[in-house]
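Number of protein chains: 4
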Amino acid sequence: MIYFRSDYSQGAHPKVMDALVKTNFEHTDGYGLDEHCEHAARMVQDLIDNHDCHVHMMVGGTPCNVTTIAASLKPYESVVSVRGGHAYFHETGAVEGTGHRIVTMEGANGKLTPEMIDQAWEEYEDEHTPIPKFCYISQPTEIGTIYSKAEMTALSKKCKAHNMLLYVDGARLGCALTCRDNDLTIQELATLCDAFYIGGTKNGALFGEALVILNDTMNDHFRWMIKRQCGLLAKGRLIGVQFEALLEGGMDSIYFSMASHANEMAALLRDSLTELGVPFFGSSQTNQIFPVLPTAVVKELEKDFFFYEWAPEKNGMIPIRLVTAWGTTKDDVEAFLRTIKKLLS
Amino acid sequence: MIYFRSDYSQGAHPKVMDALVKTNFEHTDGYGLDEHCEHAARMVQDLIDNHDCHVHMMVGGTPCNVTTIAASLKPYESVVSVRGGHAYFHETGAVEGTGHRIVTMEGANGKLTPEMIDQAWEEYEDEHTPIPKFCYISQPTEIGTIYSKAEMTALSKKCKAHNMLLYVDGARLGCALTCRDNDLTIQELATLCDAFYIGGTKNGALFGEALVILNDTMNDHFRWMIKRQCGLLAKGRLIGVQFEALLEGGMDSIYFSMASHANEMAALLRDSLTELGVPFFGSSQTNQIFPVLPTAVVKELEKDFFFYEWAPEKNGMIPIRLVTAWGTTKDDVEAFLRTIKKLLS
Amino acid sequence: MIYFRSDYSQGAHPKVMDALVKTNFEHTDGYGLDEHCEHAARMVQDLIDNHDCHVHMMVGGTPCNVTTIAASLKPYESVVSVRGGHAYFHETGAVEGTGHRIVTMEGANGKLTPEMIDQAWEEYEDEHTPIPKFCYISQPTEIGTIYSKAEMTALSKKCKAHNMLLYVDGARLGCALTCRDNDLTIQELATLCDAFYIGGTKNGALFGEALVILNDTMNDHFRWMIKRQCGLLAKGRLIGVQFEALLEGGMDSIYFSMASHANEMAALLRDSLTELGVPFFGSSQTNQIFPVLPTAVVKELEKDFFFYEWAPEKNGMIPIRLVTAWGTTKDDVEAFLRTIKKLLS
Amino acid sequence: MIYFRSDYSQGAHPKVMDALVKTNFEHTDGYGLDEHCEHAARMVQDLIDNHDCHVHMMVGGTPCNVTTIAASLKPYESVVSVRGGHAYFHETGAVEGTGHRIVTMEGANGKLTPEMIDQAWEEYEDEHTPIPKFCYISQPTEIGTIYSKAEMTALSKKCKAHNMLLYVDGARLGCALTCRDNDLTIQELATLCDAFYIGGTKNGALFGEALVILNDTMNDHFRWMIKRQCGLLAKGRLIGVQFEALLEGGMDSIYFSMASHANEMAALLRDSLTELGVPFFGSSQTNQIFPVLPTAVVKELEKDFFFYEWAPEKNGMIPIRLVTAWGTTKDDVEAFLRTIKKLLS
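Chains as they are written, first to last, in the numbering used here: chain A, 8 to 352; chain B, 8 to 352; chain C, 8 to 352; chain D, 8 to 352.
If several chains are the same, the list does not tell them apart, and a pair holds so long as it fits within one copy or across any two.
Derived lysine to aspartate or glutamate pairs resembling EDC-like cross-links, with alpha carbons at most 16 Å apart: (1) Lys81 to Asp227; (2) Lys321 to Glu130; (3) Lys156 to Glu195.
Calculated directly from the structure, the hints in this document are not laboratory data.
Whenever a hint applies, use it, and build me the whole structure from the sequences.
Right, here's the structure in full:
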């Protein structure tokens, strides 16, 4: 069975494992108050060229999203997101669990636009309506598209105009930054939003994300919030150690080469399938692609490959999701292409 | 200044006030554990011809909605509602404040359809998504339309098919039951849904709603829930006393004659404005109407009449909301019609 | 049956009812945005001689406590209260329902002391513990005792030293202010705390409390919070109208004469029972007293009088609670004393 | 610097690291739906000789406590715990963050007694008070003491009598089970409580706990609850793999030998310090001890050893906490004893 199921089906990049093994017997203080976390935070600051920001080593993506939202909002304030956004679509109402509404908008190719923010404000009235305060987006989006520099700048401006916070879920940020269409650097991103995270789980870590808070008001007693939201890891250094390994070398680190590799494998799949005349759901630019295939083909493929059916069958066709990762090999891709060519012919 | 602002701009119907004055010096136990509340509950049971249901005297509509939702749902379960539903649109995120998502659907003439419930389920996947469990509708809707017997029956069936609870916000239930298009009796309603309330605040009470819970599972420790949600009135009998006065005589009570009067006043406005060629937003069948008028006309009207602008100006036109109530007089209506005739000519 | 059950067993003082009847047919805007609420708020400001504070007309005491706490605290901040405090003991965990802990201390004669606040801080450590931020007390306390000016000043100082907010639940504030032992004026109180409320429900209103917020930071978007906590009354003016009637004449208003009368009736009971050698639980100074009586006597009394048994029987004795109110008559008291004299002899 | 700071200052036992490295390149499904988690769950079931229970691989102890509480309770139900209990004392109000009160009792040598549960019920009244439903204890307690079989049985019986759930926080369960005073097997424990967890973080895992739910009603949609509480790890298998390594061999596994070693090191410290005449805070029976030392001695010790001061100085003495773990060596202990002998002489 070959996996295109997700970018978290394997363990960690060998360099990450090595770092964990190498530091295993060190004694350090707990809960992220150790030198590895401190060092990794400085590496993140160096990477984005901003040494005033706050960096927290977090266990996972949902804890990043939910803790930041709960820390940033007053009870009567709400989040704006596309309906397909991860925090709305795949986190079991964890945000609402902290008492905050997510106001949903139909995404435009997976993306939120400044007009959608205006629409959220048109729905706002007075003390009878929650106040839209927190703009949640992902880079790349849940369907693999990316915000261009112009789009991100426009969103940033619109948020500022409404006194809103702009938050970027970077579960797959590496893939956005290294995809061929990207024109937005991580340094630029860090000037346009109020907080974002650099995802480790989906890019070669065992687990862990580096949450970057650029807006001081969102960072008030943030560690209290992490603990209250059950996300403070006792052996917090594990995340620091992993990010030290992931980010060593900055833009030349394995963090970026792994993401780049994942993008290349996805591009190979995308280009080859396109040549075969396969249509796609959405126009992903990164490591997730959504070919739409005849049901019979999908069922055959499932014998040898493991992936998600992305939506129910419609007119005899099923959109599937193929995800590539640092561990995806050219052999995996070629095996898939060989099989599908046979099935489609 | 003549008020078409809301159906809660005056105090109570004189018979309600008389009942409060008459019982004022009685001593009773607090928190709704008195004979007036008990008696009013029996009157409600008689009215709907069901003596197994649970009736709670509640302070207001938002407490009814929020307490029932919080009492009925597990943390991972969600509410389905049209986006214009009161619990979503005008309650400042109180439902999310109890930890539950409201999944919104664009209403069809203000109404939720069985297809929308199916759509909510299509968005459901597994442990990564909240489970749609509670269907929230209003009868009449926020824009004055009503569910026919066939529509309500179809919704009820669909909810049962999905093991969902059907809840009917009856803030203006009297107006639904007495409007000329209605074919659904309160007894029938009580067999089709799991809970609903008979609104007092917007139909001649000082305040108070009679919440009817037909599904035993939703009633478990309900008084604990009312208290925890801050809604247990110390002098709870005040609501009982009011409902005794409102419902005396059953279908011939002032509860229904007041609602009927409000509908008639709205119909008079609607018919006359239609004759004048005024277009409407939505197709209200009850005591709220939404004529769309030139901005200049609206601004002139606002000198003598008090009402809401319902949405921002578009192409020089503004939809306004006119609400009639038990206290609206034919003189009020005629004054409005005289003025608008002048303005439009 | 004669009631010493509570101070909310009757309706409202006749002047309050008259005001409601007199204004009944007025049309006003809803949700407390009317002239009666505005006027009542100014009367409160005049009374406490502070025109910069914020006054909100609230439906009840629990909504005052819970909304103020939820509006004032960040998620990781907690409340400190005596274990017998109403917000802990009699509100079904409504405070915790908003996500905040109440740190409890055994009261000293029902009261919180500066030492207890220090103790709450001794239990505080770092990001693993919630931060004590909100000091909740009642004046008078749940067992009828009052804070002297010196005690309230010491608490206020201690709160300031810890950067905590001091909140005073004034459900029975009238009785504290008018009792013979009191040396703390309402004007002084308003300089010592950050927020308090003037209770109407338990002192002659149908319902309603005037919440006074002296600390601007606690008032941010407070009306949004009231709505989100389900406490914004549609016909909000009802509370304004009642407080206009209650407070007319300031310190000479019925608000104070009613409370004073309740205290006198309680004093008459207390003094007479003391003469009879009856011991008391606590040393109440206001309108609630807690005589401890032989079980057999209690059971006999319950045939003619309605009151709470305050705690379970111990050694053949039961402490009961007798509450007097504006509507308690000298006849009621004398009837009780006559009966108990017989029973004890 | 030698660490007696905590039992989570190092990484994992080498066998755990080996298992992670060995399985690193496997592809598996995410979120704990893999064969390692399944296998580890069966190993847990074998260990406790109960194959009907539910086992969840959790990220940490706070997620175990909070998710189980949130999953088990209705909004108006509360938790009973000693004030020093971890869920109250060291989790930043995370439980209250889910809306539930923790009713605190002063512990008896760190333990909850049946009498304390009765006391919680004495404070219960009716719809104005939350219902005590969930009994939270730790084995061993926060101060290292353990419940004997008789004590645990009595608690279990008392909980059943009150229809309450008994939950055992087993962050250090290994140390309880292997300490010399213990007479309660894990199989017996599993028949006396409704849920408990086998802690990995503090006994040789990188992170992770195996939560065992014995009472079906608490397990309803539990995975939805884990996700909603932000605790569902993408690479969930990491916890399964670790528990496979920890529990291989059952009662002869490294899980128990590590705990036993930690206890021995603590016993060596305890016995030697006792010989030196050092008094202790509490009477720990497991791997945490609390000697009370002169302030000057403590300050000297802090130059070479890393540990917590457990409480503020009083009368020139400070209680400190010394924690031993699987990685504590006899050399560490002897170094400490040598130093303190010098300082005390």
